[in-house]
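S.K.: Make a model of the complete structure from these sequences and hints.
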Amino acid sequence: MTAGRRDSGEGKGGAAAPVDVVGTPVSRVDALDKVTGAAKYTGDLIVPGMLYGKVLRSPFPHARIICVDASAAERIPGVRAVLTGRDLADLDPYYGHAVRDRPVVAIDRVRFAGEPVAAVAADDEHTAHAALAAIQVEYQELPAVTDLTMALNDGAPRVHEEALRPGFLHSGEFRREEGNICYHYRIARGDAARAMAAADVVVEGDYTFPAVYQYAMEPHTVVAQWSADGLTVWACCQHPYLVRAELAGIFRLPQSAVRVIVPYVGGGFGSKSYTRMEPLTAALARKAGRPIRIANRVDEAMLTTRRHNMRCWLRTGVARDGRVVARECRIWLDTGAYADNGPRVALAAGDAAPGPYRWQAVAVDAWAVYTHMPPAGSYRAFGATHLQWIGESQIDVLAHRLGIDPVECRRRNLLRPGEEVRPGRKPLEADLAADVSKVAAAVGWGTPKPPLVGRGVSIGVMGAGANPASTAAVRMQADGTLVLLASTTEIGQGARTVLAQIAAQELALPLERIRVAGADTHVTPYDRSTGASRSTTVAGLAVQRAAADVREQLLDIASRVWGLPRVALRLHEGAVWHETESRSYADLIATHFGIAGGELIGRGEVAPGRGDGQAAGPVFWEISCGGAEVELDPSTGRIRVRRLASVADVGKAINPQLVEVQDEGACLQGLGNAFFEEMLFDGGQLINGSLLEYRVPTMADLPDEFHSILVGNGVGPGPYGAMGVGEGALAAVPGAIVNALLDLGLQMRDLPLTPERVWRRLREVE
Amino acid sequence: MEIDRPPQARLRIGLTVNGRPVEAGIEPRELLLDFLRNRLGLTGAKRSCDVQVCGACTVLVDDVPVSACCTLAYEARGRRVLTIEGLARDGRLHPLQDAFIEHAAVQCGFCTPGMILTALALLREVPAPTPVQVKAHMKDTLCRCTGYWKIIDAVVDAGRRMQAGEAPDAGGGAREVAPRGKP
Ligand code: FES
Ligand code: FES
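Residue numbers (the numbering used here), protein chains in the order written: chain A, 4 to 769; chain E, -6 to 176.
Keep in mind that the hints were calculated from the coordinates and are not lab data. No residue lacks a Cβ here, since even glycine has one placed at the ideal position from N, Cα and C. Incorrect hints may appear among the rest.
Claimed, not checked - Partial list, computed: chain A residues near chain E (C-beta under 7 Å):
| hint | residue |
| --- | --- |
| 1 | T39 |
| 2 | P51 |
| 3 | R300 |
| 4 | V664 |
| 5 | C670 |
| 6 | A703 |
| 7 | D707 |
M.R.: See below:
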């Protein structure tokens, strides 16, 4: 076994400046804090007077709440407050960035098993926990729809009978359809039925994808505190400004009266995107009149948000020469009791269905469906992970039938740079045919194979970057060091390091003179979100512009001081130079302000209004490209991954080491999603709500060999031609593995590929 | 209704934490993880799975890695406990901490303290482990961010450097604990 070989195929990209900290694998700026235990996460904070909160959750997937009697619990010594639905009367208690359908705590009705019904604040966690048992809740159980089939039946009970309001970030038009449909996304291009009828070979099938838990190692944790000034929340959230907007809406406060501070975050992967435990914690703190901390346990985190389980029907038609002709697809995503990010997931799944190919016609319908299940939202590469393996497996089935090599079949059909990916959206940047050839070569494509060894590739594109809306500021201090303010949160992806590298590059400043502040909505400027692989590309661009703003100010001052035109000046190592003469930044600032003080403030923004991309997006197309070589043990159904390869097509790797580790992590999550990760439910009850029963990849699950191939063509819209990575590989891996099994004659239509499932399928095929 | 109230009774224990003697009154049911985090303010050990699967709460008790989330504080009486906060010595990082930084084996950092202490226990048993040995020893410590490769690289490298005498165990790493860019 080898410990993973990495190839660097990085090309030239972007404007090379003299001090090349960009493109260098510098150590993370947060690493020292993290290896010494000094790094503080939300759960490590103690706010004076803080109480501990615990949540009472519904045992039923659907029930009317007849009455909640908390009086016994309130009498327990050490219990300070119990929050129930009755405490929300003066609030606007329903939230949700897509659909405002979710109450802060259940009001009159519960819609999934695990829904918060009450919350206790007590002096310590034990007391809070013990008090939960003293809360008497009388329920009237109601018929529940606990899977997609039940929810879609005619006359099924409706999860939401009342009229729903769109959230402030609803994607597209808000149309409430009949029954339990939460959202419908459609792509119709050409006459798919007619084109399909004219195809020479057609394949179709039904597929399923399970519910999956993101397992950020730090479960959701929130501290909330009220004062005369308003509400302060410390939370491990990915999108502090979106959380702030929702809190302001719920508590009827101006946005400036809500402050969201994000300490270090112990992983996100989408589980901490949008608003999670913040409203409940804030409401409990309001009732108790004291600061509160609520820390989810793993089982509670699983009930807070998850990946959508899905059912899908897909049909693909091709011509005899291997040209793709038409694709039709129907997708049903179980978004659970509340929309959460379901609409966007449906959109991304719909967008992923056609794959990156040149079709004559496409017809895709994707529905997010309400059920009485725990809500589902974002998880790394959502939509793409659901669909890519399905579309890619049909390409391989057809290629095998036509006797065309699957890689060759892709080369003939893949979109080229500049071509339209989806109607009205941004054209493609990357060279997909080159990417797929790279992963194929890395897994030994075309070389002889031992028996029971199969190979597969998979490629797709995902709309990434969310919206091009970010701002940043940099403050050059009187001593020439820099404080960088950005609200992209450090969730492990390395945002603080990459942003510091960009500022260092623009200001010719040694990296150690830069400090990156943690996100704090009272301090760090607006950013839309931390997700969709956007931190480097979008927030990075805002930081680049903010740093350039200070650079211009420094040049202005120097040109005044020397009486020289700015073209005669250059920046190097923290000083402005004219030929062999230099003035340090500190010097220039002191001259400008006339004392040993002052500071230069630079601001940068990314906005469609100034020509940054289009609101319809995407900011860029993230590439999802992987290859696998697997070995099947037919007696057990176990699959060993001999080789795994992924292309990280980053435009420009600002920090190649961080790109690699992001790509490696995404691949490993892809293996988990492909092979064993699955949340199991019985009648709406989660039955594997612990890491004892829910298995995630360990070192023992690593492939024998792993190749992360960096590609940098400088074609991205971010700084230096960068574009984001970190999600795509997760979507690529299941498809590569499914296709490697197809190479062995085994067609899999359901994930995960547990040994039992593979073994049964083998028996069917024989 | 019977309520499981925290008992008022206290046990007194004495132990050594990061080389310092500690005397404390604890509850019988108090977990070592809560004792370290809440009473001593040593928050480096993290709570994640809470069921002895993930290793985020790992500390060394008499040099043996234990899951502090499933160990009673009482069980640590009279013993030596090492947490991540006690690993750097004399202002210098341990070679493992250096290696984790250099190899980008740290991302969100939530697993990192437990990962490093688990690796330390390995290096004390097997001074220069191979990647296969690292995998076998550390397969029960989870990281959800990295793909583990860089952690394996870091542990192998730290072991190699310690064995070659380039870096002694405990302190002596290349980096200072002091903040970057100190004048
Ligand atoms: S928290 Fe102790 S092993 Fe996971
Ligand atoms: S670095 Fe995030 S869990 Fe390991």
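S.K.: Against each hint, give a clear statement of whether it holds in the structure.
M.R.: Evaluated hints:
| no. | hint | result |
| --- | --- | --- |
| 1 | T39 | holds, 6 Å |
| 2 | P51 | violated, 14 Å |
| 3 | R300 | holds, 6 Å |
| 4 | V664 | holds, 5 Å |
| 5 | C670 | holds, 6 Å |
| 6 | A703 | holds, 4 Å |
| 7 | D707 | violated, 11 Å |
Comparing the model with each numbered hint stated earlier shows that hints 2 and 7 do not hold.
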